[in-house]
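Protein chains: 2
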Amino acid sequence: MNYFSSDFKLGILGGGQLGKMLLYETRKLDIYTAVLDPSEQAPCKIACNDFELGDLMDYDTVYNFGLKVDVLTIEIENVNVDALKALEKKGKKVYPSSITLKKIQNKAEQKLFYTDNNIPTADFSRFAYADELLTAIKNESIEFPFVWKSARFGYDGQGVKVIRTYSDLEGLPSGECIAEKMIPFKNELAVIVARDVDGNVKTYPVVEMEFHPEANQVEYVICPARIDESVAKKAQLIALKVSQAFEHVGLLAVEMFQTQDDDILVNEVAPRPHNSGHYSIEASYTNQFEQHLRAILGLPLGDTQSKVAGIMVNLVGEENHTGAVVYKNIEKIMAMQGVTPHIYGKKETRPFRKMGHVTIVNEDIAKARSIAEDVKNSIRVISDS
Amino acid sequence: MNYFSSDFKLGILGGGQLGKMLLYETRKLDIYTAVLDPSEQAPCKIACNDFELGDLMDYDTVYNFGLKVDVLTIEIENVNVDALKALEKKGKKVYPSSITLKKIQNKAEQKLFYTDNNIPTADFSRFAYADELLTAIKNESIEFPFVWKSARFGYDGQGVKVIRTYSDLEGLPSGECIAEKMIPFKNELAVIVARDVDGNVKTYPVVEMEFHPEANQVEYVICPARIDESVAKKAQLIALKVSQAFEHVGLLAVEMFQTQDDDILVNEVAPRPHNSGHYSIEASYTNQFEQHLRAILGLPLGDTQSKVAGIMVNLVGEENHTGAVVYKNIEKIMAMQGVTPHIYGKKETRPFRKMGHVTIVNEDIAKARSIAEDVKNSIRVISDS
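Chains as they are written, first to last, in full-length UniProt numbering: chain A, 1 to 385; chain B, 1 to 385.
Accuracy of the hints is not assured; some may be wrong.
Copies of the same chain look alike in the list, so a pair counts if it works inside one copy or between any two.
[Stated by the list, open to error] For lysine-lysine, the following DSS-like pairs were computed, each having C-alpha atoms within a straight-line distance of at most 25 Å:
id, residue 1, residue 2
1, K45, K68
2, K138, K202
3, K103, K90
4, K102, K367
5, K376, K346
None of these hints come from the bench; they were simulated from the model.
Work out the full structure: start from the sequences and follow the hints.
Structure, rendered in structure tokens:
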């Protein structure tokens, strides 16, 4: 197939920041793109060839959009899976497949999938309704503390809560959920696996999420993770096992815990380019977005090694700031060595809204870490009033 | 100034492949862009915010376009300079300035500028008409062989011819020209200098053009140049001197000859991102396009050092092929280590048309050079029929 002609069309469900970064790479390879997104302000609106406004959860919208393209991919998981299934039946190439996506969309099913496939994951119980969870607590079949996760539509920390007492249960949604054993982990790690249509795979190096000591928030994504080689190897092998089990095509970002005993437990996966791989734009021989395209278009997978160490800092809206966004001190961080800001192009900031990210690259990972801290302490995402 | 809001507009004159690569970086920084180009098929048409169809040499078109933006830059030199001058008087920021551009647009003036500023360059004579050149040859005030260059609108090897005998003079345009002494150079080198509004400068490493031994065509642009450190230093210092003389803002690509005696002679300059800097997208801490933006927008200049060695191969249309383009064996080269194709998005190929480029990066420059040769021997830009 000649992807480098306008006869070929790649469809992308979702027009957010991940899609935007994917579009850089489609431009580089001159691939014709169509994007479907519900927002007029979608960052993807420019840089794609065709932009269509529409609901990603609506069967007809997704189905009709999919009919117009040759290969369909996603930049967000919450899309109408039945429409994807129907498109596959029509012979359209859909990556990730409707089967993979269906499993991943429901966190309870995702967890069951791990246990069914002998993939290590934290112990959990599944509940069809929050009421059943309450009964289980009363029966002492589960104990405080545990992690509550909504089965559906968890995204970016939404739908996840640590439950330590009865009062933490107040206000939880009533729907399907899981209660997961709390893992006092040493590190949170992630591995991105690229897999093509023929089942060829390549794994990116293990990255490490460094948490703020007090706020319990990820501050830095660091590549490579500062862990023992043996643990890194184990994490990569488990990520490959997950990849094999899903038989996905494209990228699969596998988030994992490294326990106090250096066991690896799979937390969750995303079948697409992922925040934990943003460092790759500056640090890797083949960045994750180009790699996703290579995988879904049947092109050879690229080199996943790094040229230099990379650290990523998320740019999130500051508390108490809502309105037209200002990136205060951006000039200051751009004067620092090896610092590249990525501004997603959202016009309005809100507390904790993901507005962009900053990558810091350096031959010396310790130097990169030190500059990353300077970046973190300098840049502020605030409103202009 | 807050560049990261839609109040600010960057204007780009020209919508070709250089503009397209510049647009990736404007997207990364979420800078609002307007592009003026005479072609409906301009590669920049998508990925800019506003696209305007118009003649870059027409005073009114350029002037009216410039009025709508805050900062105006170019991706091609052949634009109406008088309009730029008028825009500067109106208080618009124009980088490169109309003065710099005027000097560069005329190759005779450019050469005189070098001699006026004690910048080493090959000896030359200037002629208002080709007839005067003929008289000079007959008078023996200039001798065969020499290099004829049209003073105006030289671009990509157009308007340059080696004259060895009277018959080579046949069919030359009649206008203003120069006759330049032929330099039996050891190497053709280039240095890109970034200079901001305050006169801060940063130079990229010296790159080397490697010629095909028989065809006398540049085959590879290699960074860093495989030359003595002392020669590299000299080339960079001369590039800085040229930069200082022009007082340009933005990038200045300085093309130079390394003579048999290791002297450096300036050949010509381009006040914009340049083919000799394409390697920087994959190899440099700050690529040339981001650097150009940093310079013209008053942001701090980025690190010009390389992460890894980089080699660039131009993708040009093969002889005897005209029509809808096919990139034969692109899958094959994408399977090679550290290889990234850049397809400019021109739908039709023609013999020698610039259709894209390929970058090869590697820690080891000899390895990169070897892979570059494999790329060159594999990829073919042909028509589909």
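Next item on the list: Using 25 Å as the alpha carbon limit, work out where K138 and K202 are close: within a copy, between copies, both or neither.
Entry: neither (46 Å within a copy, 68 Å between copies)
Notebook entry, point to check: Under a CA distance limit of 25 Å, which applies to K102 and K367: within one copy, between copies, both, or neither?
Noted result: neither (42 Å within a copy, 44 Å between copies)
Check: How would you label the pair K103, K90 (within, between, both, or neither) given a Cα cut-off of 25 Å?
Finding: within (21 Å within a copy, 61 Å between copies)
Next item on the list: Please work out whether the CA atoms of K376 and K346 approach to 25 Å or closer within one copy, between two copies, in both situations, or in neither?
Entry: within (20 Å within a copy, 42 Å between copies)
Item checked: Identical-chain pair category, K45 with K68, by Cα at 25 Å -> Both. Shortest intra-copy (18 Å) and inter-copy (22 Å) distances satisfy the 25 Å Cα cut-off.
Violated hints for the displayed structure, listed by number in ascending order: 2 and 4.
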